[in-house]
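*Asks:* With the hints as a guide, dock the two chains, each given alone in a separate frame, to form the complex.
Protein sequence lines correspond, in order, to chains R and F.
Under the working numbering, the residue at position 13 of the first sequence is numbered 13, and the numbers go up by one with no gaps.
Numbering-wise, the working numbering comes out as the position in the second sequence, counting from 1, plus 225.
Hints should not be assumed to be uniformly reliable.
[What the hints assert, rightly or not] Rough simulated footprint, nothing fancy, chain R against chain F, three-plus residues with beta-carbon under 8 Å:
#1 265–275
#2 279–293
#3 307–317
#4 360–368
No wet-lab data here; the hints were simulated from the structure.
Keep in mind the model is a prediction, meaning the values are calculated, not measured.
Every residue gets a Cβ at the ideal spot worked out from N, C-alpha and C, and that includes glycine.
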Amino acid sequence: MTALSALVRYQFALLLRSQRWLPPLLVYAGLFGVGVRAGQPVLDSLGYAAAVLLPVAAWLVRLCATAEPDAARHCGVAAAGAVRVQLGGVLAGGAAAGVLGLAATAAVLLLGDAHSTDGRVSVPLLPAAGAGVLAVAACVLAGAGVGALCARPVLRARGWGVLATVGGVVLVLAARASPARAAVSGLTSGSGTGTVPASWGALLGAAAFAACAVGLSLLAASRRG
Amino acid sequence: MRLEGVGHRYGLGGPWILRGVDLDLRAGRLLRLQGGNGSGKSTLLRLLAGIDAPSVGRISGRPRPRGYVPERFPAALPLTARGYLTHLGRVHGLSRRAAGRAADAWLERFGAAEYAGTRMSELSKGGSQKVAVAQALLAGPALLVLDEAWTGLDQAARAELDRAVAERLAAGGAVAFVDHDPRRLADAADAVYRVTDGTLVPGAPGRALVRIEAEGPTRAAEPPVPGTPRGWVRAADGSVVLTVPAGDSDAVLYALLAARPAWHIRSVRPVREAG
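Okay, chain F solo, but in the shape it has when bound (with noise of 0.2 Å):
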């Protein structure tokens, strides 16, 4: 699909959320979007998914059927979890039979079965949000727009929604998500975006790192670290700070740990690749 152009504001005189948008994101992409609170990606995401339509700019080639999981999903419905998804399996063209297969298929995997005979009203922040995820995953999206759709999942469920859109992709369906947490999905991201001033900025996608601080026997110890690492700068105080990709960082933790005499590790911190 294809934004050309696209701008967006609620209401005739309201301040423009987005001006001159232009995306692509194909069959198979994984879209990241970036920006702080505020800054119009969930009004980037709503556009993206049809729920509303841009102010100015056009959207093409938007594929079917597609899911959407809302920010902050309300459990105020007065159905099972069953019922509401298998209601919206209906919605998205599944038979009745299909329909309830695919809820009671979705409901399991994120270990949520348990949960389908219970009131929406009743659920937990946690369960509903498994109800709210599973609904947009029934008919197998070839469009999958997730808005901090991790937050409120247990780490069970955060993997198995990890796991579910690499199912999408390899089917060749496109997904677009935000996400406060920068390693989500960093390795299969395609193109990483940053919302800033209502303005889209591409960013390279950049990958996940982690910054070790550590202190070495004596001020000039160079730090013993296998292969060549991103590199390494000394501060001030003479420790030493290490950014290595974060696949190598145990390795690299564990050489400064091993080396004879040892290295102190001050501290290790998850940081992105600036894009």
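Chain R with its partners taken away, still in its complex shape (with noise of 0.2 Å):
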């Protein structure tokens, strides 16, 4: 445990120092600009913010997991397993998003209107808040799924890399059967009512496929470090 927690630390450091953290981050920024405006009804924004949060859940896992050159990984995973290093750098991608979508969360809640879409049934804004934790955490290991699944040691090759990242985003953002579809999808019908969703269901479909998805990238990395 101690090994695991003193990775995600050093995934941070290279993460933070590194700066390739902007790029997601502005890209968020700038989705969340264009699409979340004042006064616009809650529950839809919580439900956009954290649909587009999923593509950047998946590009930070993606960079946590290549982050290091194949030969400094190479120490990390005879110091402490293959498998704490991959999970390190996808705990850590998966964690800086998840602040990303609280602090989106927060200004969603500071900036919308707490009312239905057609501005008639007030919204409870504390439940509407546990509702938007709810998406965000369900896009966030939906993205980190993704992400995972399309950086080292699944997909070596960068390129293939990022274009089964983006095809893996549409995918997860679009099939009918996904969970994560379904909490952002819970949102903002529940904006047309004044309903706040409980999306616990999306909630443990998008934790069981990340679950699935890390587990095959911690199987490949115990196979070739």
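*Replies:* This is the structure we're talking about:
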């Protein structure tokens, strides 16, 4: 456990010092700025903020998984094992996306209008905040799963990794069975009626997907660090 | 630790890099691996260090903590030397304070204390190699795997690494290494293996020898060497080729030069006893 938390801190340090966090942050801030305006219905905006977080989460996890050159990664693998090294990268990327998502949720709650889309039904802010956090968690988990599958050690070639990330993100956002989509559409449809959704099912589904995807990447790492 | 029937290839359809490798590496032992470029030495070292899992066969009893020095350590990390080493120390399981102390101590030992605050990307090749070696030694590894770790180090740092290896062996650690210099740790190696065509061929822990080619005052003169040298042979042109243990070479050279009339030394070359 200490080795894992040390690996997560190491990955955070690499991410912060490399300034590779800047492009995903700017892209997210841009998307947020385009889609979220002051006075818009809060649930709708929460759904949007969570949805656009999904590709950013995949991006951040990919960044952390590929932060080190191979030889440097091998040093960590010898020290702590390939599974821990891989998990450390995924957790760091996922946590960075989670922090971003929480900040976005707070911003939406401050800026948004606590009413349904037609403005007739008022929406209680605290439950809305809870629903926003659930949707953010679902989207971070789904995005992290995509990111883990589209980087070393599963996909080693950078070009294919980027292409697969884009494809995977589109798939996970659009597929009918996708838990991330369910979490987002729960918020947007809830905004229509003014009811705050409790998307626990979507969160569980996203967690299951993330567990499978990350598990696969850990298995690949244990074969070839 | 023990390797049984270990084989490895990258990818399912890839060529076999290693096949049927059986190997014992006990605590306190020094293992040297030899072999040409692309023979699979580095792959075997990665399997030993636990970086890759073997495609077939079993590796058991790999001790912890482990240190690994890769063949080429990239400097492209956005951390200072001390920052990187402290992080790695914590990954090795050291406390924050112990990691910082170990980082400083090893940078100092390799004469790199002045680079502690330098970003890794600004380090010279030698400087980043010192960091690479230091990260492997931080936690006092019970298994140390060195892939040409001496390459790129200056003379003093090489000697320091030799000492660090001796310390690990004395503390009961196992060390496996590859180095292009056949004299590297020649006296300390407990086992020498050669990797050829993906298989492991045991070699005697061959001693370092020196081959001296000398010309006597007459074509029939016998070399005036002290004791009983390993032997000498006379070349077709009448010169003499002596092969002596590295430790005796100075004495033999002295005897040849001090003889009256003196012998002429044509060449002195380090060689390795065939293993």
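*Asks:* List, from low to high, the hint numbers that the structure doesn't satisfy.
*Replies:* Hints that this structure does not satisfy do not exist here, as all of them hold.
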